[in-house]
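Using the sequences and the hints, build the whole thing.
Residue numbers (the working numbering), protein chains in the order written: chain Z, 888 to 997; chain X, -10 to 111.
Don't read these hints as lab results, they were simulated from the structure.
It cannot be assumed that every hint is accurate.
Claimed, not checked - Each computed DMTMM-like pair below joins lysine to aspartate or glutamate, with the alpha-carbon atoms no more than 25 Å apart: (1) K993(Z) <-> D79(X); (2) K33(X) <-> D948(Z); (3) K71(X) <-> E36(X).
Keep in mind the model is a prediction, meaning the values are calculated, not measured.
This is what each chain is made of:
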Amino acid sequence: QSVLTQPPSVSAAPGQKVTISCSGSNSNIGNNYVSWYQQVPGTAPKLLIYDNDKRPSGIPDRFSGSKSGTSATLGVTGLQTGDEADYYCGTWDSSLSAVVFGGGTKLTVL
Amino acid sequence: QVQLQESGPGLVKPSETLSLTCAVSGYSISSGYFWAWIRQPPGKGLEWIGSMYHSGSTYYNPSLKSRLIVSADTSKNQLSLKLTSVTAADTAVYYCARHAGRSNSHDWFDAWGQGTLVTVSS
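In structure tokens, the structure reads:
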């Protein structure tokens, strides 16, 4: 059981928008910064968002991140078939003194 | 740009020690950043194993701490992972990654190796 809770799957049509939630507690999301990763099956994860809402160079602005209280959200607009992947949130947990990840969300572009 | 490459045995017997190396190119590990190991059991999610700074400062997953040694060889610009007394539950793809932001509690992984599958089986 993961410390951070994500929905197992989400889906939407090409061109539409989807959001993926990541729920935690005050010991992790509530008092630390959240990052998001995209993992296409068979490949390594790739950083999409860091510090809650910042995009690394090269990540399109179709991807966005936000945080409110003990939850964070990844938004993807203008969905493309290439966005089909597993998405993970991560943060530091101050009680555990450990990095924790969500269980992952599989995005399907219908 | 920084590149990471994991290597090591793909098969380890139960109760033995899993040993992996991560070769880093394009960046000197002694120049900064923490460096991490992360694993992913087949069909499952990501699990952080531990991170270390070149000076020796380490953070370990509490659930693995008693079996874990993470070290760095700055002369070879590589990281090492040793996990003792392995069981089938340690079967996973093991990734090394650059761990940014740890020194001020921001924490993200901005560069990853391709991963290496380690199977624990007799």
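Against the structure, the hints come out as follows:
no., hint, in the structure
1, K993(Z) <-> D79(X), "24 Å, holds"
2, K33(X) <-> D948(Z), "28 Å, violated"
3, K71(X) <-> E36(X), "16 Å, holds"
Violated hint for the displayed structure: number 2, the only one.
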